[in-house]
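I would like the entire structure built from these sequences, with the hints used as guidance.
The numbering of the sequence shown is our numbering, which starts it at 4 and goes up by one.
Source of the hints: derived by calculation from the structure; they are not laboratory data. Be careful, since some hints might not be right.
Straight-line C-alpha distance at most 27 Å; calculated DSSO-like pairs for lysine-lysine [to be verified]:
#, residue 1, residue 2
1, Lys351, Lys324
2, Lys277, Lys343
3, Lys351, Lys279
4, Lys83, Lys212
5, Lys366, Lys324
6, Lys343, Lys246
7, Lys277, Lys212
8, Lys324, Lys343
9, Lys279, Lys310
10, Lys180, Lys238
11, Lys113, Lys103
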Amino acid sequence: MQLTSKRIILVLLTMMLCASGSMVTYAQTNSDALHNAKQQLEQKNRIVEQKKQEEQSVNKEIENIQQELESIYNEITKNKDEMAKAQAKIDETNQLIEKKKEEIVVLEDKMLGRKDIMKKRAVAMQQNSNVNIVVNLLFESDSISDFIQRASAASTLMDADKEILTAQKEDLKQIEKDKEEIDRQEQILEEGQKALAIQQEELDQNMQKRQQSLTVMQDKYNQIAQEVTLAEQDKAGIESQMKDLQARISTEQGARTSGSGSSSLQDNIGVAIKGKEMYVTATAYTPFDGGTITSAGYDIAANPNMKLIAVDPSVIPMGSKVWVEGYGVAVAGDTGGAIKGHKIDVLKPTKADAYAWGRRTVKIVILE
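Now the structure itself:
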């Protein structure tokens, strides 16, 4: 009988040791998985940061290209204005050219009329020499006075012929001068039109290239933005896995503790914390809800981001360090009229943060 009892006890001890070993092995597996998840999370954080930097760099390049395009647009507008001015000048010059052409036609008609007169006079001169003209004037005159008048008229006619010839020469010179001016103006206009056309073509080509570059950079930006989104999704998945693993580890550690009311668990960064564990109802308040100096003398208006909780000193000693689930390690540094029993008030920097916290039941550990 005693042998049988010993065997039973030995079997039970063996089973307990196996169970304990299985729990330790399982806990170690979860710890390893948590460590791996942290490494993956760090890697994803680096990837997200790198992609965001690339995103900012590409966005900056897009802004530069857009500025260059705007500058090119301005140059094109300016060039078009110059072309419009050049066209107005062309029209003005063409009008001048047409006027010059009309003047040339008038001069050519004058010269033609003079040629006819000179032709008739040349025929008359061939028929009568200058001596015969003077003799005819002498014999045909009625008196000396009449002779002088006739001689004066003949001299005037001869001088007129000379004036016609001189005017004819001057008109020919003017025509040649006008033609040269027309050729010069046409050459200037042609060169100006060519220069503006070349400049416009260069601007169009430059704009086309920059627009192509802009399209490429926008596609790259969209691709990087998509990669950032995917990386953040992976990061969120890893964080969710870490929370599950931390919850499992906390549960396992709670299962291994004795019933003495003392507990050991891990905080948000995986560091083991020990102390008296309990559950409380947690609300939130801000430095703007009342006095800014707490019961323990902390200036929460000057330090709105500090980790501090209001407690019932009969439950949680004032000045003690307390780990609060979802909040972190805080100091018990304040009290409140409504904070009685297993209730706490966590300090939040803003009203929005306090509303987001709301009212919840959380696990706390009064740290050793």
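To see whether the hints hold, each was checked on the structure:
A threshold of 27 Å between alpha carbons decides the hint, and for Lys351 with Lys324 the separation of about 17 Å falls inside it, so the pair holds. Note on Lys277 and Lys343: the hinted pairing holds, with a Cα-Cα distance of about 24 Å set against a maximum of 27 Å. With a C-alpha separation of about 24 Å, the suggested pairing of Lys351 with Lys279 holds against the 27 Å cut-off. Simply put, Lys83 and Lys212 have alpha-carbon atoms about 20 Å apart, close enough for the 27 Å limit, and the pair holds.
As the CA atoms of Lys366 and Lys324 are separated by approximately 14 Å, the hinted pair is consistent with the 27 Å bound. Distance check on the hinted pair: Lys343 and Lys246 sit about 31 Å apart at the alpha-carbon level, beyond 27 Å; violated. Of the pairs offered as hints, the one joining Lys277 and Lys212 is violated, with about 67 Å between alpha carbons and a cut-off of 27 Å exceeded. Pair hint Lys324 plus Lys343 holds up; C-alpha atoms about 18 Å apart against a cutoff of 27 Å.
For the hint linking Lys279 to Lys310, the alpha-carbon distance of about 19 Å falls within 27 Å, and the restraint holds. This hinted pair does not check out: Lys180 and Lys238 have alpha carbons roughly 86 Å apart, beyond 27 Å. A threshold of 27 Å between alpha carbons decides the hint, and for Lys113 with Lys103 the separation of about 15 Å falls inside it, so the pair holds.
Violation of the numbered hints given earlier is confined to hints 6, 7, 10; the remaining hints are satisfied by the structure.
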